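Novice: Keeping their order, the protein sequence lines are chains A and B.
Under the numbering used here, the residue at position 167 of the first sequence is numbered 175, and the numbers go up by one with no gaps.
Under the numbering used here, the residue at position 79 of the second sequence is numbered 87, and the numbers go up by one with no gaps.
Don't read these hints as lab results, they were simulated from the structure.
Honestly, I wouldn't trust all of these hints.
In this list, chains with the same sequence are indistinguishable; a pair is considered to hold if it fits within one copy or across any two.
Below 30 Å or equal to it, Euclidean Cα-Cα: the simulated DSSO-like pairs (lysine-lysine) are [said to hold, decoys possible]:
hint	residue 1	residue 2
1	Lys61	Lys261
2	Lys26	Lys299
3	Lys127	Lys261
4	Lys245	Lys294
5	Lys108	Lys276
6	Lys302	Lys122
7	Lys108	Lys61
Model, not experiment: these values are computed from the prediction.
Number of protein chains: 2
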Amino acid sequence: MSVLITGVAGFIGSNLAKLFIESGETVLGLDSLSRGAIDNLVDVIADSSFHFKVIDCSDQIAFVSAVIDFHAKSPITEVWHMAANSDIPAGVNDASVDLKDTFMTTFNVLEVMKALHIKVLAFASSSAVYGDHGIERISEVSGPLLPLSNYGAMKLASEAAISAAAESFLDRAFVYRFPNVIGVPATHGVLLDFVNKLKVTPDRLDVLGNGSQQKAYLHVSDLIDGMLHIRRNALEKMCVYNLGAEDAGVSVKAIAQSVVANASPSAKIVYGTGDRGWVGDVPKFKYSLDKLKKLGWAPRLNSQQAIDKAIAEIICQERNAK
Amino acid sequence: MSVLITGVAGFIGSNLAKLFIESGETVLGLDSLSRGAIDNLVDVIADSSFHFKVIDCSDQIAFVSAVIDFHAKSPITEVWHMAANSDIPAGVNDASVDLKDTFMTTFNVLEVMKALHIKVLAFASSSAVYGDHGIERISEVSGPLLPLSNYGAMKLASEAAISAAAESFLDRAFVYRFPNVIGVPATHGVLLDFVNKLKVTPDRLDVLGNGSQQKAYLHVSDLIDGMLHIRRNALEKMCVYNLGAEDAGVSVKAIAQSVVANASPSAKIVYGTGDRGWVGDVPKFKYSLDKLKKLGWAPRLNSQQAIDKAIAEIICQERNAK
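Please put together the full structure from these sequences, using the hints given.
Specialist: Quick look at the structure:
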């Protein structure tokens, strides 16, 4: 019996792989290595229970044959589908990026699960499916769902296809709506962006937007813990959970200041204009985690603690990368 | 200045084309003729303001070049995107049907609008985006959106992509969430299905499910009127409206009895089991039309009146088709 992880060399996928391998599972990990990196798999790549293939999951023929081959030797009972585009602005400029890397990967995952009778799917969705709900505390039943970016749109499209599959041929589907997740191995996101900008210009940090955007952040250690808690305890067949910190979040300004203080204390911070960093950026965002709390889980770190921990980790990661 | 209608030879598209031509617009109508039929265009096909091409809008190259060619001669200012799969069970059996005919047509429409700076889009969405909300009166802000069929999933995926486009490059997007629409030219649906079954076996009508499914129906004349009312009067940039009848609807059993009474009074009605006709069928469904009523519109016909009118029209259509 084994678990398939798509996007295994990415930020979330690599953390999941480590945890599954540590708990004795056999893992088939797939990644196109377009945004993920083999270095992220350093803790598992030599383990005999970990099987890695460089596969673009949006390439139906290559993907399906790799899964069929593996399944014949070690039946897959569960899929953790983490492969997706993670570069939101890239998808705003070119809609085919999220179509291919986020939606078509999901479509192909569902097709192969249907064909091989694999019945349990866990999916990395996003708070971006909600769009801009102003000051409303957003719960899992909040509507309308009007995503502002193709990233959010193709996450919602994926959820929709999974919902239809749950009605038709899956036994269980777990849809995790993440907010901003931080930690290592960092592959993208505002913290890595700031740390890397300061490596190039140690005396100056340019911030997109006026810095007033404020969001909740979840540390990846809490994210993984929360996903597994839901996997073990939730009862619905098609099961959707907000997963995040419930605090008011941390502003981009405060993040910029923390990164500067830790990475390059003498740098001057220069802000742009407007309250959105890019098309599709939601300026403020507040989650209701009532459903998840009722299931008996809450994150250990609040947004500020998660930011502090992740800044330290990312500075260390980038030093080692030199 | 002209209007592009995709799926122009289908049920809704052909009614729209007729209305636009009557009100003096120039129309480019595209249809793959896979489910639509040239016969449906009898009222407009000879009009010099109507320009028809057989194009599969999911074929990006063919579709985009046809639109670019036409736009160069008669600039398109508005797109009414009606092309979609309308066969829900077909899409349950093979997810690629709704992917191609519903979602990829929307994706291509958005790509060509972005490229040509066409700023206004009207889209035929569906009550199927909501999934099963039990006895709740469903409004436009109801959640969660968990469609039960690939049909509903790819309508929701289309809405999501349109929402992101409205944030990025469209001026206005009108998303109409239809319930069951009836009338002529009937190309699919329960009424046509029953009428045609009785043509084959005039003494017996087999009904999928136990007949208890109850839904609201809207006559196509009301649908078109409602869509244009929203187009003229709604103010939001990304504008989503439920469009339907607000009554409790009519059961499949009552519909079967009406069709038999009108088409073949001696036929015996034989019911299946279960309260769903097929995977993805929502057994009961109740719309809130408060938003639309606030905009000053309500359908002229209730569900029963719409059914009665449509049965008469469809029996006549099918007699003429002999």
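Novice: All hints are to be evaluated individually against the structure, with a verdict given for each.
Specialist: Here is how each hint holds up against the structure:
no. : hint            : result
1   : Lys61 / Lys261  : neither (40 Å within a copy, 54 Å between copies)
2   : Lys26 / Lys299  : within (28 Å within a copy, 50 Å between copies)
3   : Lys127 / Lys261 : neither (44 Å within a copy, 35 Å between copies)
4   : Lys245 / Lys294 : both (26 Å within a copy, 24 Å between copies)
5   : Lys108 / Lys276 : neither (39 Å within a copy, 51 Å between copies)
6   : Lys302 / Lys122 : neither (32 Å within a copy, 44 Å between copies)
7   : Lys108 / Lys61  : both (19 Å within a copy, 29 Å between copies)
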